[in-house]
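Peer 1: Sequence:
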Amino acid sequence: MIADGTAVTREDVAAAARRIAGFVLRTPVLEVSPGLFVKLELLQHSGSFKVRGAFNRILSAGPLPDSGVIAASGGNHGLAVAYAARTLGVRAEIFVPEVTSPVKVAGLAALGAHVTQTGAIYAEAAEAAAKRAAETGALSVHAYDQPEVIAGQGTTGLEIMEQTGGVDSVLVAVGGGGFAAGITLGTGDAGGAGPRIVAVEPELIPTLNAALAAGEPVPVGVSGVGADALGASRIGGLAFGVLSGPRVRSVLVPDEAIVAARRTLWERHRVVAEHAGAAAYAALLSGAYRPEEGERVAVVVCGSNTDPAGL
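Here the sequence shown is numbered in my numbering, starting from 1020 and rising by one per residue.
I should point out that these hints are in silico values taken from the structure, not numbers from a laboratory. In this text the structure is predicted, and so the values were computed from the model without any measurement. Treat the hints with care, since some could be wrong.
Unchecked claim - Derived CB-CB ranges, DEER-like:
(1) G1256 / Q1136: 22 to 32 angstroms
(2) A1040 / R1105: 16 to 26 angstroms
(3) G1234 / A1142: 31 to 41 angstroms
All residues carry an ideal CB built from backbone N, CA and C; glycine is no exception.
Assemble the whole structure, with the sequences as input and the hints as a guide.
Peer 2: Next comes the structure, spelled out in C-alpha coordinates:
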(Lines of atoms letter the chains of each structure in order from A and count residues from 1; the text may use other names and numbers.)
(Lines give C-alpha, C1' and ligand atoms only; values in the text may rest on other atoms or scores of the structure.)
Protein backbone atom coordinates (compact mmCIF):
# COMPACT_ATOMS: atom_id res chain seq x y z
CA MET A 1 0.00 0.00 0.00
CA ILE A 2 2.42 2.61 -1.24
CA ALA A 3 -0.12 5.44 -1.10
CA ASP A 4 -0.02 5.62 2.70
CA GLY A 5 3.68 4.84 2.95
CA THR A 6 3.25 2.19 5.63
CA ALA A 7 3.54 -1.10 3.76
CA VAL A 8 4.54 -2.68 0.48
CA THR A 9 2.64 -5.52 -1.16
CA ARG A 10 3.12 -7.93 -4.02
CA GLU A 11 0.59 -5.87 -5.96
CA ASP A 12 2.90 -2.86 -5.57
CA VAL A 13 5.73 -4.94 -7.05
CA ALA A 14 3.55 -5.92 -10.01
CA ALA A 15 2.60 -2.27 -10.54
CA ALA A 16 6.28 -1.31 -10.42
CA ALA A 17 7.08 -3.89 -13.09
CA ARG A 18 4.56 -2.27 -15.41
CA ARG A 19 5.78 1.23 -14.59
CA ILE A 20 9.50 0.63 -15.18
CA ALA A 21 9.16 -1.67 -18.19
CA GLY A 22 11.24 -0.22 -20.98
CA PHE A 23 13.59 1.53 -18.56
CA VAL A 24 15.30 -1.52 -17.03
CA LEU A 25 16.76 -4.74 -18.38
CA ARG A 26 15.32 -8.19 -17.87
CA THR A 27 18.63 -9.62 -16.73
CA PRO A 28 19.55 -13.20 -17.64
CA VAL A 29 19.45 -16.30 -15.48
CA LEU A 30 22.02 -19.06 -15.97
CA GLU A 31 21.46 -22.63 -14.80
CA VAL A 32 25.08 -23.32 -13.90
CA SER A 33 24.34 -26.84 -12.67
CA PRO A 34 21.09 -28.82 -12.40
CA GLY A 35 18.76 -26.87 -10.13
CA LEU A 36 21.26 -24.09 -9.40
CA PHE A 37 20.39 -20.77 -11.05
CA VAL A 38 22.41 -17.56 -11.03
CA LYS A 39 20.47 -14.34 -11.60
CA LEU A 40 22.92 -11.92 -13.26
CA GLU A 41 21.52 -8.67 -11.92
CA LEU A 42 25.02 -7.21 -12.12
CA LEU A 43 24.33 -6.81 -15.87
CA GLN A 44 21.56 -4.31 -15.10
CA HIS A 45 21.90 -0.67 -16.19
CA SER A 46 24.42 1.16 -13.96
CA GLY A 47 25.86 -2.17 -12.81
CA SER A 48 23.33 -3.21 -10.15
CA PHE A 49 19.68 -3.89 -9.34
CA LYS A 50 19.34 -0.40 -7.90
CA VAL A 51 17.95 1.21 -11.05
CA ARG A 52 14.71 -0.72 -10.57
CA GLY A 53 13.90 1.10 -7.34
CA ALA A 54 15.28 4.42 -8.58
CA PHE A 55 13.07 4.46 -11.67
CA ASN A 56 10.00 3.36 -9.73
CA ARG A 57 10.46 6.06 -7.10
CA ILE A 58 11.02 8.85 -9.64
CA LEU A 59 8.28 7.76 -12.04
CA SER A 60 5.81 7.44 -9.15
CA ALA A 61 6.45 10.98 -7.94
CA GLY A 62 4.67 12.98 -10.62
CA PRO A 63 6.07 16.38 -11.64
CA LEU A 64 9.55 16.86 -10.23
CA PRO A 65 10.95 20.08 -8.75
CA ASP A 66 13.53 22.05 -10.72
CA SER A 67 16.11 20.89 -8.17
CA GLY A 68 15.58 17.35 -9.41
CA VAL A 69 16.40 14.33 -7.28
CA ILE A 70 18.81 13.72 -4.43
CA ALA A 71 20.19 10.55 -2.86
CA ALA A 72 22.78 9.27 -0.44
CA SER A 73 24.59 6.12 -1.40
CA GLY A 74 27.58 3.88 -0.87
CA GLY A 75 27.89 4.07 -4.64
CA ASN A 76 25.53 1.70 -6.44
CA HIS A 77 22.32 3.48 -5.48
CA GLY A 78 23.84 6.78 -6.45
CA LEU A 79 24.85 5.39 -9.83
CA ALA A 80 21.31 4.11 -10.31
CA VAL A 81 19.68 7.42 -9.39
CA ALA A 82 22.13 9.29 -11.61
CA TYR A 83 21.40 6.93 -14.51
CA ALA A 84 17.65 7.22 -14.05
CA ALA A 85 17.85 11.01 -13.76
CA ARG A 86 19.93 11.32 -16.90
CA THR A 87 17.52 9.02 -18.77
CA LEU A 88 14.53 11.10 -17.63
CA GLY A 89 16.26 14.45 -18.15
CA VAL A 90 16.36 15.65 -14.55
CA ARG A 91 19.12 16.91 -12.26
CA ALA A 92 20.70 14.50 -9.76
CA GLU A 93 22.69 15.33 -6.64
CA ILE A 94 24.42 12.40 -4.93
CA PHE A 95 26.10 12.23 -1.51
CA VAL A 96 28.57 9.39 -0.91
CA PRO A 97 30.79 8.51 2.08
CA GLU A 98 34.57 8.37 2.04
CA VAL A 99 34.55 4.55 1.79
CA THR A 100 32.95 4.70 -1.68
CA SER A 101 35.28 3.17 -4.25
CA PRO A 102 36.96 5.46 -6.80
CA VAL A 103 35.35 3.38 -9.56
CA LYS A 104 31.89 4.36 -8.32
CA VAL A 105 32.76 8.02 -7.77
CA ALA A 106 34.12 8.22 -11.30
CA GLY A 107 30.98 6.55 -12.61
CA LEU A 108 28.77 9.13 -10.89
CA ALA A 109 30.70 11.96 -12.49
CA ALA A 110 30.47 10.30 -15.90
CA LEU A 111 26.67 10.17 -15.54
CA GLY A 112 26.55 13.92 -14.96
CA ALA A 113 25.57 13.82 -11.29
CA HIS A 114 26.60 16.53 -8.84
CA VAL A 115 28.66 14.53 -6.34
CA THR A 116 29.53 15.36 -2.74
CA GLN A 117 31.78 12.93 -0.86
CA THR A 118 31.34 13.39 2.87
CA GLY A 119 31.27 11.34 6.08
CA ALA A 120 33.06 8.17 7.05
CA ILE A 121 30.07 5.86 6.43
CA TYR A 122 26.76 5.83 4.56
CA ALA A 123 24.73 7.07 7.55
CA GLU A 124 26.75 10.29 7.68
CA ALA A 125 26.37 10.88 3.95
CA ALA A 126 22.62 10.24 4.33
CA GLU A 127 22.38 12.89 7.04
CA ALA A 128 24.09 15.43 4.78
CA ALA A 129 21.80 14.50 1.87
CA ALA A 130 18.68 14.92 4.02
CA LYS A 131 19.81 18.38 5.09
CA ARG A 132 20.47 19.36 1.48
CA ALA A 133 17.07 18.02 0.34
CA ALA A 134 15.35 20.18 2.97
CA GLU A 135 17.17 23.21 1.59
CA THR A 136 16.50 22.58 -2.12
CA GLY A 137 13.19 20.72 -2.17
CA ALA A 138 14.68 17.98 -4.37
CA LEU A 139 12.91 14.61 -4.45
CA SER A 140 14.66 12.24 -2.05
CA VAL A 141 15.30 8.75 -3.39
CA HIS A 142 16.26 6.57 -0.43
CA ALA A 143 18.73 3.75 -0.94
CA TYR A 144 16.50 1.10 0.63
CA ASP A 145 13.78 2.32 3.01
CA GLN A 146 11.07 3.76 0.75
CA PRO A 147 8.03 1.78 -0.40
CA GLU A 148 8.51 2.67 -4.07
CA VAL A 149 12.16 1.65 -3.92
CA ILE A 150 11.38 -1.71 -2.32
CA ALA A 151 8.62 -2.37 -4.84
CA GLY A 152 10.97 -1.58 -7.72
CA GLN A 153 13.66 -3.92 -6.40
CA GLY A 154 11.03 -6.62 -6.03
CA THR A 155 10.67 -6.85 -9.80
CA THR A 156 13.86 -8.93 -9.71
CA GLY A 157 11.90 -11.54 -7.77
CA LEU A 158 9.13 -11.63 -10.37
CA GLU A 159 11.73 -12.31 -13.04
CA ILE A 160 13.43 -15.05 -11.04
CA MET A 161 10.19 -17.00 -10.69
CA GLU A 162 9.29 -16.54 -14.35
CA GLN A 163 12.74 -17.39 -15.71
CA THR A 164 13.40 -20.44 -13.55
CA GLY A 165 9.89 -21.86 -13.47
CA GLY A 166 10.03 -21.60 -9.66
CA VAL A 167 12.68 -22.32 -7.05
CA ASP A 168 12.74 -23.52 -3.45
CA SER A 169 15.12 -20.86 -2.15
CA VAL A 170 16.64 -17.55 -3.19
CA LEU A 171 19.98 -16.35 -1.82
CA VAL A 172 20.32 -12.57 -1.74
CA ALA A 173 22.73 -10.12 -0.11
CA VAL A 174 21.46 -7.71 2.55
CA GLY A 175 22.66 -4.22 3.41
CA GLY A 176 19.76 -1.94 4.27
CA GLY A 177 17.39 -4.73 3.32
CA GLY A 178 15.34 -3.14 0.54
CA PHE A 179 16.46 -5.59 -2.15
CA ALA A 180 15.86 -8.69 -0.04
CA ALA A 181 12.49 -7.37 1.11
CA GLY A 182 11.47 -6.66 -2.47
CA ILE A 183 12.55 -10.11 -3.62
CA THR A 184 10.61 -11.68 -0.74
CA LEU A 185 7.47 -9.92 -1.98
CA GLY A 186 8.18 -10.51 -5.66
CA THR A 187 8.72 -14.24 -5.28
CA GLY A 188 5.67 -14.76 -3.05
CA ASP A 189 2.12 -15.51 -4.12
CA ALA A 190 -1.01 -13.56 -3.24
CA GLY A 191 -1.17 -15.29 0.13
CA GLY A 192 2.46 -14.62 0.97
CA ALA A 193 3.72 -18.16 0.39
CA GLY A 194 6.84 -18.64 -1.69
CA PRO A 195 10.44 -19.83 -1.67
CA ARG A 196 12.72 -19.53 1.32
CA ILE A 197 14.68 -16.27 1.25
CA VAL A 198 18.25 -16.74 2.48
CA ALA A 199 19.37 -13.28 3.56
CA VAL A 200 23.17 -13.17 3.40
CA GLU A 201 25.27 -10.59 5.22
CA PRO A 202 28.96 -10.07 5.95
CA GLU A 203 29.84 -10.98 9.52
CA LEU A 204 31.19 -7.45 9.90
CA ILE A 205 27.87 -5.75 8.89
CA PRO A 206 25.05 -7.91 10.35
CA THR A 207 22.16 -5.43 10.09
CA LEU A 208 19.36 -7.97 9.66
CA ASN A 209 20.91 -10.67 11.82
CA ALA A 210 21.30 -8.26 14.74
CA ALA A 211 17.79 -6.88 14.27
CA LEU A 212 16.24 -10.35 14.31
CA ALA A 213 18.12 -11.15 17.51
CA ALA A 214 16.95 -7.90 19.12
CA GLY A 215 13.42 -8.01 17.74
CA GLU A 216 13.84 -4.58 16.14
CA PRO A 217 16.33 -2.65 13.98
CA VAL A 218 19.49 -1.82 15.92
CA PRO A 219 22.74 -0.08 14.93
CA VAL A 220 25.73 -2.23 13.94
CA GLY A 221 29.33 -1.53 13.01
CA VAL A 222 30.27 -1.08 9.36
CA SER A 223 33.57 -2.41 8.00
CA GLY A 224 35.06 -4.99 5.68
CA VAL A 225 35.11 -5.68 1.95
CA GLY A 226 31.40 -5.08 1.45
CA ALA A 227 31.21 -1.75 3.29
CA ASP A 228 30.80 0.45 0.22
CA ALA A 229 27.68 -1.40 -1.00
CA LEU A 230 26.32 -3.18 2.10
CA GLY A 231 27.30 -0.43 4.51
CA ALA A 232 23.99 0.45 6.14
CA SER A 233 24.43 0.73 9.89
CA ARG A 234 20.82 -0.30 10.58
CA ILE A 235 18.27 -2.38 8.68
CA GLY A 236 15.45 -0.35 7.15
CA GLY A 237 12.20 -0.36 9.10
CA LEU A 238 10.05 -1.28 6.10
CA ALA A 239 12.48 -4.02 5.10
CA PHE A 240 12.56 -5.42 8.62
CA GLY A 241 8.79 -5.68 8.59
CA VAL A 242 9.06 -8.01 5.59
CA LEU A 243 12.28 -9.85 6.47
CA SER A 244 11.19 -10.76 9.98
CA GLY A 245 8.59 -13.08 8.43
CA PRO A 246 8.70 -16.90 8.49
CA ARG A 247 10.06 -17.34 4.96
CA VAL A 248 13.36 -15.61 5.71
CA ARG A 249 16.52 -17.20 7.07
CA SER A 250 19.49 -15.02 8.04
CA VAL A 251 23.07 -16.24 7.48
CA LEU A 252 26.44 -14.55 7.94
CA VAL A 253 29.61 -15.02 5.88
CA PRO A 254 33.17 -13.90 6.66
CA ASP A 255 35.02 -11.51 4.39
CA GLU A 256 37.37 -14.30 3.29
CA ALA A 257 34.40 -16.25 1.91
CA ILE A 258 33.18 -13.20 -0.01
CA VAL A 259 36.60 -12.63 -1.54
CA ALA A 260 36.79 -16.30 -2.52
CA ALA A 261 33.29 -16.22 -4.02
CA ARG A 262 34.14 -13.18 -6.12
CA ARG A 263 37.22 -14.94 -7.45
CA THR A 264 35.28 -18.15 -8.11
CA LEU A 265 32.57 -16.32 -10.06
CA TRP A 266 35.31 -15.09 -12.36
CA GLU A 267 37.22 -18.36 -12.63
CA ARG A 268 34.20 -20.59 -13.24
CA HIS A 269 31.78 -18.31 -15.07
CA ARG A 270 33.76 -15.24 -16.19
CA VAL A 271 31.45 -13.06 -14.12
CA VAL A 272 33.12 -9.91 -12.74
CA ALA A 273 31.26 -9.05 -9.54
CA GLU A 274 32.03 -6.58 -6.80
CA HIS A 275 32.46 -8.02 -3.32
CA ALA A 276 28.90 -7.21 -2.23
CA GLY A 277 27.64 -8.72 -5.46
CA ALA A 278 29.33 -12.01 -4.61
CA ALA A 279 28.10 -12.19 -1.00
CA ALA A 280 25.07 -14.39 -1.71
CA TYR A 281 27.22 -16.82 -3.70
CA ALA A 282 29.66 -16.89 -0.77
CA ALA A 283 26.98 -18.42 1.45
CA LEU A 284 26.65 -21.32 -0.95
CA LEU A 285 30.37 -21.90 -1.51
CA SER A 286 31.31 -21.59 2.16
CA GLY A 287 28.56 -23.86 3.43
CA ALA A 288 26.86 -21.08 5.41
CA TYR A 289 23.78 -22.29 3.54
CA ARG A 290 23.57 -25.95 2.53
CA PRO A 291 20.72 -26.83 0.16
CA GLU A 292 18.89 -30.10 0.63
CA GLU A 293 19.17 -32.80 -1.99
CA GLY A 294 17.11 -31.83 -5.02
CA GLU A 295 16.53 -28.26 -3.81
CA ARG A 296 16.19 -25.69 -6.57
CA VAL A 297 18.26 -22.64 -5.65
CA ALA A 298 18.58 -19.17 -7.18
CA VAL A 299 21.57 -17.01 -6.26
CA VAL A 300 21.42 -13.29 -7.05
CA VAL A 301 24.70 -11.71 -8.15
CA CYS A 302 23.71 -8.12 -7.68
CA GLY A 303 26.56 -5.73 -8.48
CA SER A 304 29.50 -5.26 -10.89
CA ASN A 305 30.89 -1.82 -10.00
CA THR A 306 34.43 -2.88 -9.24
CA ASP A 307 37.96 -2.63 -10.54
CA PRO A 308 38.57 -5.93 -12.38
CA ALA A 309 42.30 -5.57 -11.75
CA GLY A 310 41.56 -6.81 -8.23
CA LEU A 311 40.74 -10.25 -9.61
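Peer 1: Each hint: holds or not?
Peer 2: Checked hints:
no., hint, verdict
1, G1256 / Q1136: 22 to 32 angstroms, "27 angstroms, holds"
2, A1040 / R1105: 16 to 26 angstroms, "19 angstroms, holds"
3, G1234 / A1142: 31 to 41 angstroms, "21 angstroms, violated"
In this structure, only the earlier hint numbered 3 is contradicted, and the remaining ones agree with it.
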